[in-house]
Structures are given as structure tokens and as C-alpha cells.
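Visitor: Chain residues, written in single-letter form:
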Amino acid sequence: MLLQDKLMQIVTNPLLSPKQKSNYLALEAEASLPYLPISTEVKAAMNGGVICDMFEGHTPFKPRYVLPDYARYLEQGSEYLELVPAQNLDEALNALTILYHHVPSVTNIPVYLGQLDDILMPFVEGMDADVLYRKLKLFWIMLDRTLPDAFMHVNIGPTDNIVCRTLLRIDAELKQVAPNLTFMYDPAVTPDELLQIAATNICHCSKPHIANYPLHASAFDKRGFGIVSCYNALPLAGGANTLVRLNLKEVALKATSINDFFERVLPYYCSLTFELIEARSAFLHQESHFFDSFLVKEQLIDESRFAPMFGIYGMAEAVNILQALMTNETNTSSQSNKPTGYGHSMDANQLGYRISAALDSIVKSTPVTYGYHGRALLHSQGGISLDKDVTPGVRIPYGTEPNPIAHIQALALHHQYYTAGISDILTIDETVKSNPQAMFQLCKAALELGFREFTANVASNDLMRVTGYMVKRSDIEAFKQCGSRLNTTGLGAEAAQNTGILQRQARVIAHEHSPCVVN
Amino acid sequence: MSLTKPAINKQAIVSQLLPFSCVDGPGSRLVLFLQGCNYQCKNCHNPHTIGLCDGCGDCIATCPDKALTLIKANNKHQIHWDKDRCSQCDTCLAVCPQQANPKVTRYTVEEILAIIHHQRHFINGITVSGGEASLQLPFIIELFKAIKASPQLSQLTCMLDTNGSLSLTGWHKLLPFLDGAMVDLKAWQKETHRYITGRDNHAVFKSIELLAQQQKLYEVRLLHIPGITDFEQGIDALSCYLLRLGANTRVKLNAFHHHGVVDEALTWPSCTQTDIEALASSLTQRGLTNIVLPSIYL
Ligand code: SF4
Ligand code: SF4
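Each protein sequence line maps, in turn, to chains A and B. Using the numbering used here, you'd call the opening residue of the first sequence number 904 and step up by one each time. Using the numbering used here, you'd call the opening residue of the second sequence number 1484 and step up by one each time.
Hints in this document: simulated from the structure, not taken from any laboratory. Even for Gly, the Cβ is constructed at its ideal location relative to N, Cα and C. The reader is advised that the hints may include incorrect statements.
[Said to hold, decoys possible] Below 27 Å or equal to it, Euclidean Cα-Cα: the simulated DSS-like pairs (lysine-lysine) are: (1) B:1566 x B:1549; (2) B:1493 x B:1566; (3) A:1336 x B:1525; (4) A:1336 x B:1699; (5) B:1699 x B:1656; (6) A:1291 x A:946.
[Said to hold, decoys possible] A partial selection of chain B residues facing chain A, derived with a Cβ cut-off under 7 Å: (7) 1503; (8) 1540; (9) 1605.
Construct the entire structure; sequences and hints are all you get.
Guide: Have a look at this one:
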């Protein structure tokens, strides 16, 4: 399609708001520039769908994710923004609101809003709990309405404090899509009762995500880290300059045997991924002038704290493809309905861990010019809307997940390798809503077992468990059509609720997930 | 001979083992569904869990995946089910003349303990359900006893989901190792109870009272079938009875639906949210304070 036609399609799109159109127009403009100089091998791998630059643009002029040191900002004010240090909560919230509009990211919306309880606690001493609640609630509504991106992330915890508790209460009440929320959990610091509140919130709005604080903290230095966007763990006062992801499914398809995968194909495509990472970050750091920003001058970010994310996805398919190679080699054929494959069989899971360990050692031993301590950070990437027939990160394909406990046990050993975060989603049927203690227990056990981040989605699944058995909602609906009494009240109320949620989601852009307009 | 067997080798006939449940008691639980029931509830949602297989072999030829074979154990014919071959088509359930289920697994106490061990951090406890679990009481006692005696498992609560037909002698054997029981009260009047289940409810009341007195009554469950059960007609007496157990007695209301039921009960109306809420408000008005409603209606 001609550039002009594309632009016209965006301009006349009936579903996008003017602001969303501007964003997509800017993306197309950048995409019309020639791509950075890269080798023909990298180009071929990109065209073949093996390596993906996440549509970050042909000439990166801003980092993918930026995590400003908001505490320092509130403490020192800003010369550039002509702000004196914040003296009280109103000034602090106002100052944050201002800075959020100056924090770039791949989506143009800040992906990190700060460790809000830590940075606001100095301003709430002696404040009436009700007043605090009202102020934070307005702030929360403002965030959802003015910065509507589901990937914009607030962090709270692991300490027990009034800001943390108030935000959890407000988040459960408002059930907004934005901001996204991560609660840091540290068994040595966080009371169980506070984790239980967070787990109860998950039952009602699938938020917050629970981060394994000690595990993340030990991966970064004293200055700290933040969880942003789709569960990316990154250095505070830094961020990610770029994210390049490797499609393990495609890599596996190029292998002739498991040995060939580990010895030839995987290292080769990793080296191409690094080449693209180098090219992209060199342009950002050397050509774009991004690091002339006041954010650097005022020490809210530090160029040396930016790292490339080495993303991977399609682990499930890769494992299954490689296992099929092996089966062909040994030629075992037996008629069996035994659950096999990634997430189910021990062999498949072991092969998965081996791949993660191999990636970890490659990423930890490959120097990069612009990295965190000279290295990229490995990330299990959560997928974008364009992905077809390939499962995000190291997840178990949707619809084939085993029970939640087996699910967690199958994935836990991967988590140690993904320093820059790993996004697994545990789908739990809605009966858990009346039993938040069950959510608490799953969460606690998952973190104990080495999960970096616990994310649960409480879904109105078609498949649901009633007491001792699973039923399909659609079967029951079909049955009802044939004559039994209809249950209109319950279903009507639920439908209304769902539409409400859909309407809200439509207003929110999730550029992270849908990086381009697809026609 | 079985008397000389070590307790840990006691076996249960299990129709299903669920590693994770959030609807069978407090918190996250592993649930064992035992095969076999002494009631014949017209409204049973799992009729194939009622009978015990007599090894007649009728189902073998109907299995499309050749997952069923007859074996000889203790000089008796026993059906053997190959789980890995089975495609869960349920043909065998449909043809069985005994309301039985060839797809059962026999587990020893030791085997169940190993499974619990493997996932102990994820659960708050275990629940034994059915069928009617208490028909396999010796197994349950040994299992619960072993859990309580294990330093790594003793924090898990042990619960029983029952129709309440167990005798007082039986309860007294189990009580030392039991944390709580959920008891179904299928109807208020003896006649209604007999009509629905084939048995009267005298033992159920005795069980409920004993458990309440021992503080081990986790909840009383009322399955409401509009026009069939008699909770509304007997609401005053029923409320009085429940109040006497304690105003805070947890009363779980369940809504009858057609999933899995057969024959006559298919002509009964399913229970709506409005029906349940009406019953709940009648109970609340009469002083009960801990009424739990279904989390979903079918
Ligand atoms: S399950 Fe039923 S049909 Fe099959 S052998 Fe047992 S009693 Fe016979
Ligand atoms: S459910 Fe399994 S055992 Fe029963 S008939 Fe079908 S395949 Fe055979």
C-alpha cells in the first residue's frame, strides 16, 4: 500500500480518536524512513519472522521504557519544569502529574508511574485517612482518564503503609483498566493480611500483579528497580533502550535435531538478535539526542542504567517442535491419549528449562555497548495482537493449561532466568471470587517456588468447574434453549457488567499490545 | 486378612482427584471424590458415582479406545481402566447397569500422601467428597490421621463432604482427626427426604447436631429445588433448628440445575437466583446470619 493511502486510512478511521490517529500517523512517518543499517542476515531473519523489533520504529529516538527517579524529582523540584520541591501531598501529586507528561516511552505514555507509596509517604504524615482517600481517588481517576494505557504501571509495597492500603482499596472500588498495578511482596516484610487484601483484589479485578520483591531486588543494585508495562523488571532511574524479541518457534523450525538447535541454530539467531540490539541502541544513544534531555541533566535518569531487553516468545511451540524431531528420531509410536507436550509432560518441561538456561547463559555472557553493567536483560515477552499460532513468552498455550497448581509447578523453574521479567497468566475460574483465601495460597506458594511475578486472570471461562466436575457454559446455554426455565436475572446483570468493561477498554489504547493499525 | 494389613496400605476407590478446588471448603483444597453412595437421589448430578462396579464386563466392548479390560484380583473379576488410552467419551458410563464407573483409581493412603506432599504449599487442606465419602470411613480415618501426624502436612485442614448418613459411632471414630464437615440436608420433612433420596433424614439430624456440638460443623448445605424441596414450607421450624445449632451456623444455599441429572428430575424446574434470594431472605429474617449464596447460577 502506498504511504499516502495508509495515512488516509488512519485519518479516516472511524474507531480511532484524534490523539490515537496522531500516534499512528507518527509511526507511519517514522516507518517511511529507511531502516537503520543492518546486515542482510538480520534483515532476512526479520522478514522471516524469526526476529522482531516490536514495531519500535526504523530510527529509535526515545527509549522503549523510561523509569525516572520520581523520589529525587519530588525532593529537588525541577529547574526545567520550573518547580520547587514538593511541600505537601497536593504539590507532590501535581508535580507527578506534570512529569508524567514528559516521560517518553514507546507508547508515548509513561509506562512507569513510580513506587507510589514510597514516594508519597513523606507527604502524608498526620493526614486524615479520609482526606488521603479522597485525594488519591481523584488522582487515580485522573490517571485512567488522561493517560489511558493499560500498560502504565504503578508499584506499591512491600512495606505495609497507609498509601499502599488506600491505593489497594481505591483500585478495587474503581476497577479501572488503568493504571496497571504491581504489589511487591517480601515475606520478611509484608504481613500476610496485606497480601490477602491484594489477593482479594485480584479476585475482583484481576489486579494487582504480585512481584517477588527479594528475587527482583537481588537482580538489581541499590538504586533499585521498577515493574513496568507488561511485567518488565528494569533498573530505576534507567529503563530499556530497546526490546528485540526472538521467536523460538521459528528458530526451532530451522533445527534438524535437538543438538542442532542448541549448538547451531539458537546461537546463530541470538547473535543476529544482538546485532539488531546493537544497531538500535547505537542509534538511540549516539544519534537521537535523547540523552540530552532534562531528565538526564537533572539526574532523574542515567544513561548507564538503560539496558536492551532480549525478549523471547513461542517457547511452547519450540519445545513441541523439537520433541517431535526427537520422536521421529527414535520412532516411537503408540496409540495414547496421554497428555503430552509443553506444560504437561515432564520431558517437554525439562527441554523448556534447558532452552531457558541456554538463553540465560548466552545473554549473560554477551557484552553489549549500551547495557546494564554491559549486558542485555532476558525477558519472556507477553505477545502482541499480531501473533498468530505462537504462544507468548514461555506460557502454556491458552486453553491447554493444566490445573493452576500443575501450571505453576510446570513454569516455576523458568522464572530464575528472566531478569527483565516474565509474564505468565494463571486463569482461574470465577468461583474463586467467593474464596479469596484460595488465591492467597496459590500466590504465596507460587512466589515461594520462585515465581518472579504472579498474575491471575479471573475469567468467566466457557469451561468452569461447578463442584466435582467441569461444565461448559455453552452446553448449558444450549440446553436452556431447549426448554428449561431461563435464568435471566443473573445473566442479565452479568452481561451489563461485561459491556461496561468492554466500553471502558475501548477508550483505552494498548499500543504495547497493538503496535500498528491492521486492516 | 485385611485386618493384618498396615494402615498405610488401606485403599480407596477414587472416581476423581482434583489437585485444586476453591469451592470445597475454606481456601485452596485438594479434593478426593470417592466412588459409591448409599442414597439414590433423584436429582443426582453425578449418577455414575453412585454404584460400585461388580465386574460384569458389559462396558468393555463399548469402549472405542480399548481402555477397559477385565483382570483377576483376589480371585474376583475387576475392571481395569487404562487412563492413558481413555479419551473420556463416557460411553462406559452410559452403558453400565450398576450406575457405576469403571474409570476409578485405587489409591493407598501412602499414594495420596505423596500427592499431597508434592503440592502442600499450594493448599490449605484436603476435602474428601463423593459419592458418599463416609462409606469408605476406615480409609479416611487413616488418611487424616497420617496427615495430622506428619510435621510437614499437619497445618492442612481435613474436611469431609457428606450426606450425613454416617452413624454416631462412625463420627466418634473420625472426630479426633477431622477439622470440619459440610453436611447436605436434602429436605426438612422425613417424607420429602425419603421421596428425594430414598432414605429418611433421622441420621442426618443426629450428625449435624453432633458436629455442631463438637464445633466441627463447617456448613449445612441446602440444595433448593423449587416446588420439590420443602425448605420454604418448613421455614420456621428449619430456621429454629439451624438457630439452635448457633445463629452463626454457616448455611450454604445451592441452586438445583439440570446438568448431569437424569429421568424424573429433568422435569423439575431449575432454581433461579430469585428463588435462592427469596430463601436466603426468609432465613435471614428469622435470625440466621451466615448465609452463603452460590457464586454462579446455571
Ligand atoms: S463399570 Fe459397570 S458395566 Fe463396566 S464392568 Fe463395572 S459394573 Fe459392569
Ligand atoms: S470414557 Fe474412556 S474408558 Fe469409558 S468408554 Fe470412553 S474411552 Fe473407554
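Visitor: Work down the list of hints and note, for each, if the structure agrees.
Guide: Each hint, compared with the structure:
The hinted pair formed by residue 1566 of chain B and residue 1549 of chain B meets the criterion: a straight-line CA distance of about 11 Å does not exceed 27 Å. With a CA separation close to 22 Å, the supplied pair residue 1493 of chain B and residue 1566 of chain B stays within the 27 Å bound. For the suggested pair residue 1336 of chain A and residue 1525 of chain B, the alpha carbons sit about 30 Å apart, so the restraint of at most 27 Å is broken. Restraint check for residue 1336 of chain A and residue 1699 of chain B: the C-alpha separation of about 25 Å stays at or below 27 Å, so the hint holds.
Taken as a hint, the residue 1699 of chain B and residue 1656 of chain B pair is honoured in the structure, with Cα atoms around 14 Å apart against an allowance of 27 Å. At roughly 21 Å between alpha-carbon atoms, residue 1291 of chain A and residue 946 of chain A fall within 27 Å of each other, so this suggested pair holds. Restraint check, residue 1503 of chain B versus chain A: the minimum CB separation of about 5 Å is within 7 Å; hint holds. Here the hint on residue 1540 of chain B is broken, as its CB sits about 22 Å from the closest CB of chain A, past 7 Å.
Taking 7 Å as the C-beta cut-off, the interface hint given for residue 1605 of chain B holds, the closest approach to chain A being about 4 Å.
Checked against the numbered hints listed earlier, the structure breaks hints 3 and 8; every other hint is satisfied.
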